[in-house]
Structures are given as C-alpha cells and as structure tokens.
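Peer 1: Please construct the entire structure, taking both the sequences and the accompanying hints into account.
Heads up: the sequence shown runs through residues 258 to 699, numbered per our numbering.
Heads up, a few of these hints could be off.
Unchecked claim - Pair ranges (Cβ atoms, derived):
| hint | residue 1 | residue 2 | range |
| --- | --- | --- | --- |
| 1 | 676 | 448 | 46 to 54 angstroms |
| 2 | 633 | 601 | 16 to 24 angstroms |
| 3 | 503 | 312 | 32 to 40 angstroms |
| 4 | 412 | 270 | 51 to 59 angstroms |
To be verified - Okay, derived cross-link-like pairs now, PhoX-like style, lysine-lysine, Cα gap no bigger than 25 angstroms in a straight line:
| hint | residue 1 | residue 2 |
| --- | --- | --- |
| 5 | 616 | 594 |
| 6 | 269 | 298 |
| 7 | 646 | 344 |
| 8 | 408 | 339 |
| 9 | 449 | 616 |
| 10 | 552 | 503 |
| 11 | 646 | 325 |
| 12 | 300 | 269 |
| 13 | 552 | 339 |
These aren't lab readings, by the way, just hints derived from the structure by calculation.
Backbone N, C-alpha and C define an ideal beta-carbon position, used for all residues, glycine too.
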Amino acid sequence: MSYHNPFTPPRKSATFDEYTLAEIRRAAATGIYDIRGAGTKRKVPHFDDLLFLGASISRYPLEGYREKCDTSVVLGTRFARKPIHLKTPITIAGMSFGALSGNAKEALGRGATLAGTSTTTGDGGMTDEERGHSQTLVYQYLPSRYGMNPKDLRRADAIEVVVGQGAKPGGGGMLLGQKISDRVANMRNLPKGIDQRSACRHPDWTGPDDLEIKILELREITDWEKPIYVKVGGARPYYDTALAVKAGADVVVLDGMQGGTAATQDVFIENVGMPTLACIRPAVQALQDLGMHRKVQLIISGGIRSGADVAKALALGADSVAIGTAALVAIGDNDPKWEEEYQKLGTTAGAYDDWHEGKDPAGITTQDPELAARLDPVAAGRRLANYLKVMTLEAQTIARACGKNKLTNLEPEDLCALTMEAAAMAQVPLAGTSWYPGKGAF
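Peer 2: Put into structure tokens, the structure is as follows:
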C-alpha cells in the first residue's frame, strides 16, 4: 500500500526535466533529430568565472585616458608579405551569405570598417557588397568549397582555412532549401530550393602534411601576400595548434563550444567540443613550446560578449578575438521590437535559434527579400561600430587598471578564478590563494 504525503509536492526528475521529456516526445513523434543554430545553451565555465587583479601598491596603474593604452594588433607577421593591421583586436567571425542576408553581410562589413577591424566571408563565397564595404576582408576556405574561386582568393586581404568550428568540431552544417535563393544557388553552384549539407572535412587532404601542401598552394595563388589563418574547433587545442603551426599557418583561430553556427544537430552543439575557457591555455602552451607565441598569432572565438571577455582572452595569451553571435545582436538580431513576430514563430526575442529556417523577423538570418529589406545596412553598421568601440574602451580601461600600456601586455598573473573549474581550465590561482588544480603539471 502506497502513501502520499499531502505536505510534499510531486517531485520531478532532474535528469528527465521538462525539456528532456519534450525532446523525447518530439523525437518519438517525428523520427527526426533537431537542427538549430545559436551555439550551446548549457552553462559551462566561462570568462565570468575570472576576475582581474587591479593595480594598487604592488602594481602601478595608468592614469585615465591621459596615458596611452595601445589596442592595435598586427595579424599574419610570420610569412605574409602584407600582414593585416587592425585598430582593435576584436574581429568579426565568418558567417556566410546564405546563412545571413545580403544586407546583414553588408552591415558587418560597414561596421568593421568604421571600427578599423576585419570581417570574414563565411561559407558560400564573397559578395561584391561585402568586399566593397569591408576595408579588411578575410576569405574563408571551407571543406564545401562553395563559392570558392582564385579571383576572390586574390581579392581578399587574408585567407582562413577552416578545419573545424566550435559548435561542431568534426561535423558539417546544413543550409535548408528555403534559404537557397537564385543568387545563393548561383554562387554555390547548387540547385535552388534543395537542402544542402556542408562537408565535415576537406576533399583533397587528410592530415597536417597535406594541409602544409594546401597552404603552399594558397600562398602561390596569392603571391605570398595574404596571411593564411587555420581555424580549428575546440577539441584538442594543444595538438591542433601545434600541427597548424607546423603546416605553416600565420594565424591560428580557435573556436570554443560557445561559438554559434548556422545550423547543425542540437545533440552536436550541446555535447561535442570544449568550453572556450578550456581551449586557450593549451593552445598558448603549444605556441610557447614551439617558440612561436606572438610570432604566430592566436585568435579566440566562442562566446565573446564584452570588453572584459576580450581582456581576459588576451590576458590568457590570445592576440585577438572574433565575435559572431554578439555582432548579430548588435546589428539587430533577437531585438524585442520584433517580439510579436517571434511569438508567431513559437519563440521569443533572445531565444530565437531557428536561424536556418529563413524566417527571421529582423531580416538578418534570411533570404526572404521582404524580411531582408527590414535591415538598414547603414544604420546596422553604425550600431556594430558603436558596440566594437565600447568593447575596445572597456578592455582598455581594464588594461590601464592593471598597469598595461598595450592590451596584449595583459598576462595570466593579472587574473584570479572564482571556481575550481575555471582555475583549472585557465591555469590561474583560485581567488585568495596562489594555487590552482593541477599546478605544476600540464
């Protein structure tokens, strides 16, 4: 005989919570796994778990805005004849025309140019509008080869060979047919309106020795002018960074699991890869072990939101950062002014992640001409430039408080951690101590 205590409310499982139960029912009803964008939604250790140790007596701070704190960065100094010179270490990550509207790509180019930084093409090729409004444009060379041609390689200011992405290291992406318009189909040499997957690996090389040959091919095509980046997803950052350097990369781009994506499996986004915070120190260690730290530049991406995040990534040893999701928010994505229309799509502003369906009310992740026309690329570009300016000023403020006259002079010694996990991942002391888990061992 069972007895229910009337004073105790029914207890639900923490393992089988409401979301998990709903996903089981959805899978059982449809037989289809869930596809979405927007990156991981689970909580993982992040930059919020670190704090800066400002100067007092043992360190000497810089005075306000009267003493210089340099924010500039040069990328591609190893082999390229024309390295990239940027006014801020905050760059715009690769997001494709196809995943994004033409107006959105133009806005990113305009905003980056106003801020004195670079933007990146993404899968699907280079549009004339993006090239025309981007003072510094990085051309992504991806496994799919969609839109790739030697002419655009030469029109770019740098080339980024994409091996992996933080949201899906080891996996490919998806572009649904409703986003493959006439123009997207023509640029990618695809049939209009048919779902297309992006490959998970390059078709003409299988390892670091082949990558070295590919990088040499790209240098020959571009007359050794352009910096060559290699982008990897955060999975085995020490070895992947070391192998990218061995293959001849000028710059390594390392993307943690908080990085967004146009579309891939939800199970992939939430369960494959490592937090951005856990990726930085192993990559820096690899560069240091090879004697290449600061000679090969390191760009960190995946969940960068503020000047504090930028400063923390640089303090851990990065040379620059890249933003994607935050840049889309800055130009108008997930804006509450479209809440009524987000509600009609069964979601809400701030939670819209069905970027791949092409129904974005903000006109950013769509190929619908009427929706895309809602985004004014000039105004959106100004918003992005404002956001980049604020992030840069925030990072400068922190660097001055730590007594540094250049952002990249920030160092791990300027940081402490609030949790054991963050202390172990960032290899900085737990607040109030001089110890972190695993100290003395890599």
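Peer 1: Each hint: holds or not?
Peer 2: Hint check:
1. 676 to 448: 46 to 54 angstroms: About 50 angstroms separates the Cβ atoms of residue 676 and residue 448, which means 46 to 54 angstroms holds.
2. 633 to 601: 16 to 24 angstroms: holds (23 angstroms)
3. 503 to 312: 32 to 40 angstroms: Taking Cβ atoms as reference, residue 503 and residue 312 lie about 39 angstroms apart, which means the hint holds.
4. 412 to 270: 51 to 59 angstroms: holds (56 angstroms)
5. 616 to 594: holds (16 angstroms)
6. 269 to 298: holds (21 angstroms)
7. 646 to 344: holds (10 angstroms)
8. 408 to 339: Holds. Residue 408 to residue 339 sits at ~18 angstroms (cutoff 25 angstroms).
9. 449 to 616: Roughly 17 angstroms between the alpha carbons, so the hint for residue 449 and residue 616 holds.
10. 552 to 503: holds (13 angstroms)
11. 646 to 325: Roughly 16 angstroms between the alpha carbons, so the hint for residue 646 and residue 325 holds.
12. 300 to 269: holds (21 angstroms)
13. 552 to 339: holds (15 angstroms)
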